[in-house]
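> Protein sequence lines correspond, in order, to chains A and B.
Anchor point for the first sequence: position 286 equals 286 in my numbering, and the numbering is continuous, going up by one each time.
Residues are numbered in my numbering as their position in the second sequence, beginning at 1, plus a constant of 621.
Please keep in mind that the hints were generated in silico from the structure rather than gathered at the bench.
Predicted, not measured: the structure shown is a model, and the values here were computed from it.
From the three backbone atoms N, C-alpha and C, an ideal C-beta is built for every residue, glycine too.
Here are some chain B residues the structure puts well away from chain A; computed CB gaps all over 10 Å:
(1) LEU655
(2) ALA661
(3) GLY681
(4) GLY782
(5) SER856
(6) GLU971
Listed below are the simulated EDC-like cross-link pairs for lysine to aspartate or glutamate, each with C-alpha atoms no more than 16 Å apart in a straight line:
(7) LYS588(A) / GLU946(B)
(8) LYS568(A) / ASP844(B)
(9) LYS376(A) / ASP336(A)
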Amino acid sequence: MAEGAAAFVPSAMPACYTTRLMTQPAYIRNFSIIAHIDHGKSTLADRVLQLTHTVDERDMMDQVLDSMDIERERGITIKAQAVRVWYDAEDGHQYQLNLIDTPGHVDFTYEVSRSLQACEGVLLVVDAAQGVEAQTVANALMAMNANLEIIPLINKIDLPAAEPERVRHEIEEALAIPADEAVLTSGKTGEGVREALEAVVRRVPAPVGDPEAPLKALIFDSYFDAYRGVVALVRIIDGTLAKNLKVKMMATGVVTDVEEVGVRRPANTPVDELGVGEVGYLITGLKDPALVRVGDTVTLAKHGAVDPLPGYREAKPMVFTGLFPIDGDQYPDLRDALDKLKLNDPALLYEPESSHALGFGFRVGFLGLLHMEVVKERLEREFDLDLLATAPSVEYHAYRTNGELVEVHSPQDMPDPGGIERVEEPYLRATVLVPPDFVGAVMELSESRRGVFKDMQYLSATTVEMHYEIPLSELIMDYFDQLKSRTKGYASLDYEYIGYRPSSLVKLDILLAGKPVDALSFIVHKDKAYQRGRVLTEKLREIIPRQMFDVPIQAAIGGKILARETVKAKRKDVLAKCYGGDITRKRKLLEKQKAGKKRMKNVGNVEVPQDAFMAILKVDE
Amino acid sequence: MSSAADTSARLPAHLYVHVPFCRSKCSYCDFFSLSDAAEAATSRWVAEVLAEARWWGARGMRGALETVYVGGGTPSLVAEKVAAVLAGVSAEFAIAPGAEVTVEANPDSLDAKSLASLRAAGVTRVSVGVQSFDDTVLGMLGRRHDSRRAAQACADVREAGLALSVDLICGVPGQSLTSWAETIATAVATGARHVSVYPLALEEGTPLAVAVDGGIVEPPDPDTAADMMVLAEESLARAGLARYEVANYAVPGAESRHNLAYWSGVPYLALGPAAHGMLDVAQARVAGLIGNDDYPDAARVRWSNAADLEWRTLPREVEVLTREEVAREDVMLGLRLVHGVAEEDVRAAELEEVMAELGAEGLVVRASGRWRTTARGWLLGNEVFERVWCG
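Turn these sequences into a full structure, and let the hints steer you where they fit.
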C-alpha cells in the first residue's frame, strides 16, 4: 500500500519548492499539535495548510493529513505525518514551518513520543467546551519531559457551549502552564489560526545544530511504499543529508545510498538536500523495515558521527488476540497481509497459532483495543479477508514451581494449575478526570474491576483527578465503555503501564457439547470466575443457533463445572409454499442456507457464529 | 438417449397458468401481483397468455393435458377471463378426458356466478385460500375476508359440484394452538377432501416481516409452529385426510395430480408472467429454449417468465441442469412425497452416504427398497433437502 497522501499533489507547485536552498535554522520552526481525542487537532492542521496555501482550495478535503480511509471515517489520526509549509510572518520574514501531526488516542502514545523528539515546541489544543481531559494532561507531561515550548490553544470557540475563560483557568490549575497568552482558535471558522502561527514563530525556539559536524538525522517515523521501499521521516540534527550520499543506519549498521530526499507538502516533493533543523523524508531503496528502524540515527558511511542520538521508547504490545481466517484457505493471505501491515506498523507483533476449534491463525499483539480494531478492519478491508478474532487477552506471567517463567499470550499457553507457583498480570496506573458528581460512579466501577484506589485531587471546581491501579485485563474488557456510560460521557481516561503483580488467576474453559473449545477459554480472577462463567454461558445460549441436536454449554475450571446452559435442538425448519412449481427458487434458498452455515465455524459438530468468540467482551455485569 | 419418438411420448401433460391480479397484497406475500385488474390489463393478459400458448403449440408441445392449474394472484377475481383462457388453451392443447383443472380462489371474490362460469369452462377443482378460520389471524395476514365468508366460499364450491381444496397457514404471529385446532376442525367440516398446510415464512421486505423486524409484531415461535404442524397431521389423519406430501393432505384418491407432477420429475408447461416451467433437454432444444449445440451436458431445463405484463417480449430466465443434478433434484423432490424415493434412484444420484447420515439422524428411513421422510424429517425438511441438494 503506497501512502495515500501521495494523491494530494498540489496542482500548481512553484518550481522554487523543488530546488529551494536550505533554510537558515533561524527561520525554521518545528512543532507538533497535541490534543485529547476529538479536540479538533486535525481540523486545525487543515486550516494551517489552507492559510499557508500548501494545499489548493479545490484539493482541500477534510483532514488532509489523515490519509487512511479509517482515519478519516473515524476522525482519528493513527500514523504521524510531517508536512512543510511556508509562512510569511508579521516580522516580514518567511518561515519554514514543519508541522508534525500526531495521533490523539491513548493507544498511540508511543507515536506521539516519537514525533515530539523531532520538535522544539507544541501547540496544546484544548476544547473550549470540554476543557482539560486526561489525554491533555498526558500529552502536556510528555511535551514537558521533552523540554518543548508549550503554546496552549483554546479551540472550538465558535461553539455555543464554549467557555474559554474557564478552560484558561483549568489549563493553569491542572497543568501549571501559564495560559494568559493562550490563543483562542476555531478550526471551523479559521479564527485565530494566524495568531497561533505567529505564536509558533515568536515562541518556539529555532532548531540548533552544527552544519559542519557529521550528519546526524533522527528517524521519527517510517512507512512502506510498494514502489520505493521504506520511506523514513527524518529530522536533521547536525550536518546535511543529500542525494547520492552513502549513509549508515547506526543501530543496524546497514550502509546504503541515498536515493532521494525530499519534503512533504503534503505530497512527496524531492529536494537536493536537507540541512540542520529541517524535516523531510529519506528514500534509500531498502525494502526491509527492520533495517530502517524508527528511533535510529542516520549518519555518513565514512567519517560519520560516533554517538547515536538517544533512542526512543520501544512500543510494546499490551493486548493480544487470535486472528483466524474464516476460510482456512486464506491463511497464507492473512500471513502476507500481516507482513505488509507490519511494514507500516512496527508495533504490530504476531506469531502463528493453531486452535482445535479455529484451525490455523495468528496470535497478534497490539498497543491497545483501538489499535486492534484498526488493524482488523484494515486486514479485512484492504486485503479482502474474512477474519474471526478471539477475545482479547493480556500477557500473563506464570512462574512454575521450579522458578521458570512462562509468558502466557493465549489462555492455551497457561500451564496446569498444579505446576504453577504463582501468576502475575500487568497493572496500569489509570488517571481518570471527571466532574465531582461522578466520583462515586467511577469508584464503584473501578472497584468492581479490581482497581485499587490511590489518590484523588481537585484540579478545579469542576474537575477531579483520580488515580487507580488496575489490571490491564480488566481495562480491556469494557472499562472504558462503562466509564463513559456511567459518567454520561464526561470522564476521560489515560493510563500508563506500571509492571507485573501477582494475582489469583484461573483458566476458565467453555465446553460445547461436552468438548472444551480452546478459542473460548479465558483467564479470569478466581473471585469472578463463577459469575463470568454463568453470564457467558447464558450469552452463548442466545448466540448459538439451534442445531439438529441439543447443545449443552458448560463453563468449567479444570474438571469442575461452574455453569450450564442448553441450546435446545431445533424442531422445525421447513420452507413455505412452493409457488407454481418454482423449484429453482427453492433450490436457491437451500444454497443460501448452506452458504450461511459456511460462514459459521464448525466446532466439533456444532455450528458456531463468529459473534460467539467475542461474547466474552459483551458480558455486562 | 432421447429419440424423437420418446420425446413426443412424454410431451408435457401439465400446465400452469399464472394470473397476476389481486385486489390487494396480503401482508406476508412477496409473489408477483398487480392491483390494477381493470379491463384493459386483464384483456391484454388473456391475449398474451393465448399468444404464448400458440407459441408453444407451434413448437410441437401439443400434448394432451392431464392437469391444468390456474394460480395466482387471485384467479377468482377475474373468473370470466380465466374461463376465456381455458377455452383458448383447450383449443390449442387437447385437454384429456378426466383431466384435473384447478383454479385458485379467494373467498372474497368467489360467488355463484363466477363458480358457474369456471365450471362451464371445464374447471373441476377449486383451491380456496382460506388460510385461517380465526378473524384475528386473518387480520394479521392482511386477508380481505373473514371466517364466515371463508366458510361460505367453501360451501359454494361444493354446492357448484366442484372438488374443494382448502389452503391453511400456521405459525402466524398471535395464532394460538387452540385457534389452529379450531381452524383445522372447521376446514374438515367444510367437507374438503384436500387440505394444504403451510407454515408461515417471513419473506424479506413484506409488511409482516418489516413489522416483526421493527419489533411491532412478536415473531412466530418455531416450536409452536412445529406443534401446529404435528397437530395438523394428526387431526387431518383422524378425519381421513392422509399426508401425501410435506404440505398436502387428502382423502385417498383426492390428491392433487398437478401437485404430484411437480415432485415427480415430469415436464410441465407454464404460461403467464412469473410462471415457471420445466422440460426435458430434447424438448427444450426443439422449443428453442437453448440452442442445439449449447450445454452439451444438459439433461433438464427449467425456465421462468419475467414478472411483468410484457413478459412475452422479455427474456426468459433459463436454468440448465446436468444429469447428475437432475438425479439429485429428483431425490430431493421425491423426499417431499410420502411415497419416497427408490433405493436405485438414490444410488444413481450417488447420495447413499448422505441418506445414511440423514437416516442416522432420524430424518429419513429405509424400508422395502425405498427411502422415506420420517415424522422428524417433515418438520426439518430444509435440513434434508439442503443436504441432498448441496451434498
